[in-house]
Amino acid sequence: MGRNASTRSSYTTLSLPLDVIEPHPDNDYSMDEDELAELVASIASDGLGQLPLVRQLGDGSYQMIAGHRRLEAYRRLAERDPLAYGELPVTLVEGLNDSQATVLLNVTNLVARRLSQEERGARYAAIGREVPALRAADPSLKGVRTNDIIARIVTEETGQAVSAATVKRAIAAERRMREAREQAEKLTGELDENWRTEASTGLIDPLTLKEISELPAPRQSDLFVQYQRDELTPAQLKARIRELRPKTQDDARRALQTAVKCVEDVQVMARDNVPIPQGLVHKLRSLIDQL
Numbered sequence: 001m002g003r004n005a006s007t008r009s010s011y012t013t014l015s016l017p018l019d020v021i022e023p024h025p026d027n028d029y030s031m032d033e034d035e036l037a038e039l040v041a042s043i044a045s046d047g048l049g050q051l052p053l054v055r056q057l058g059d060g061s062y063q064m065i066a067g068h069r070r071l072e073a074y075r076r077l078a079e080r081d082p083l084a085y086g087e088l089p090v091t092l093v094e095g096l097n098d099s100q101a102t103v104l105l106n107v108t109n110l111v112a113r114r115l116s117q118e119e120r121g122a123r124y125a126a127i128g129r130e131v132p133a134l135r136a137a138d139p140s141l142k143g144v145r146t147n148d149i150i151a152r153i154v155t156e157e158t159g160q161a162v163s164a165a166t167v168k169r170a171i172a173a174e175r176r177m178r179e180a181r182e183q184a185e186k187l188t189g190e191l192d193e194n195w196r197t198e199a200s201t202g203l204i205d206p207l208t209l210k211e212i213s214e215l216p217a218p219r220q221s222d223l224f225v226q227y228q229r230d231e232l233t234p235a236q237l238k239a240r241i242r243e244l245r246p247k248t249q250d251d252a253r254r255a256l257q258t259a260v261k262c263v264e265d266v267q268v269m270a271r272d273n274v275p276i277p278q279g280l281v282h283k284l285r286s287l288i289d290q291l
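Number 186 in my numbering belongs to position 186 of the sequence shown; there are no gaps in the numbering.
Just so you know, these hints were derived from the structure itself, not from any lab. Any given hint might turn out to be false.
Said to hold, decoys possible - Keeping only pairs whose Cα atoms sit at most 30 Å apart, straight-line, the calculated DSS-like set for lysine-lysine is: (1) Lys261 with Lys283; (2) Lys261 with Lys247; (3) Lys238 with Lys261.
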């Protein structure tokens, strides 16, 4: 694909003081405290293992590309033993521009972690956002579809074959789930805890979530029990919501409009000499009187 499109470059191994290494601004993964404690213990017992990847910036400082958790683990170990852990062994990747560094950051996150479908799609999308800059630096990429470029980069850098179709599906799934979650987050003040958790999966459309959020809290709780117990389909869930939703003047208007239309249809039948059950006519009159 070419050196500018992928992140192939030269590598140098060295040790750096911890305070000269800055995190990459696009590293958006949180650090689980339990996992971090395990990593600290593992490094103290068995050593670092795979070296973090860094690049050098124009001002002489270094920027982490892959290894943010290992850097944090070293900082915690240095508090106990600064002589042993005051410097971090790293692999310096030379010649990376900003776009290539961002691509490499996301590629390494694809293989360094067990990712959900949404997380994997987000990594592919992040690589895709750098494609215009990669095209500008590498004329051979002009006319090549973005998903093909992403697939080639991931395949070259990881050794794991990825197709453009896989990339496209993952990005589309991430976008659907993100949009659904963003819509749901606007309702978190009204959805109860169970439904907020369910909303974060992106499996329920925003309109259905909005209807659930309008239910009183006890009815939301009852509905969630039914939803899980009966494994409700989206259509069944919508039907249950309609049953539980408090009735409004608009509901009454719609019901009466339907009733009027039905009576009008019966009048046409009567004019055509269709026998009309008089008992039902009397019941209708009684109900109208009660209204």
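A quick look at each hint next to the structure:
1. Note on Lys261 and Lys283: the hinted pairing holds, with a Cα-Cα distance of about 17 Å set against a maximum of 30 Å.
2. Between Lys261 and Lys247 the CA atoms are separated by roughly 21 Å; this keeps the pair inside 30 Å, and the hint holds.
3. Straight-line distance between C-alpha atoms of Lys238 and Lys261 comes to about 25 Å, which keeps the hinted pair within the 30 Å bound.
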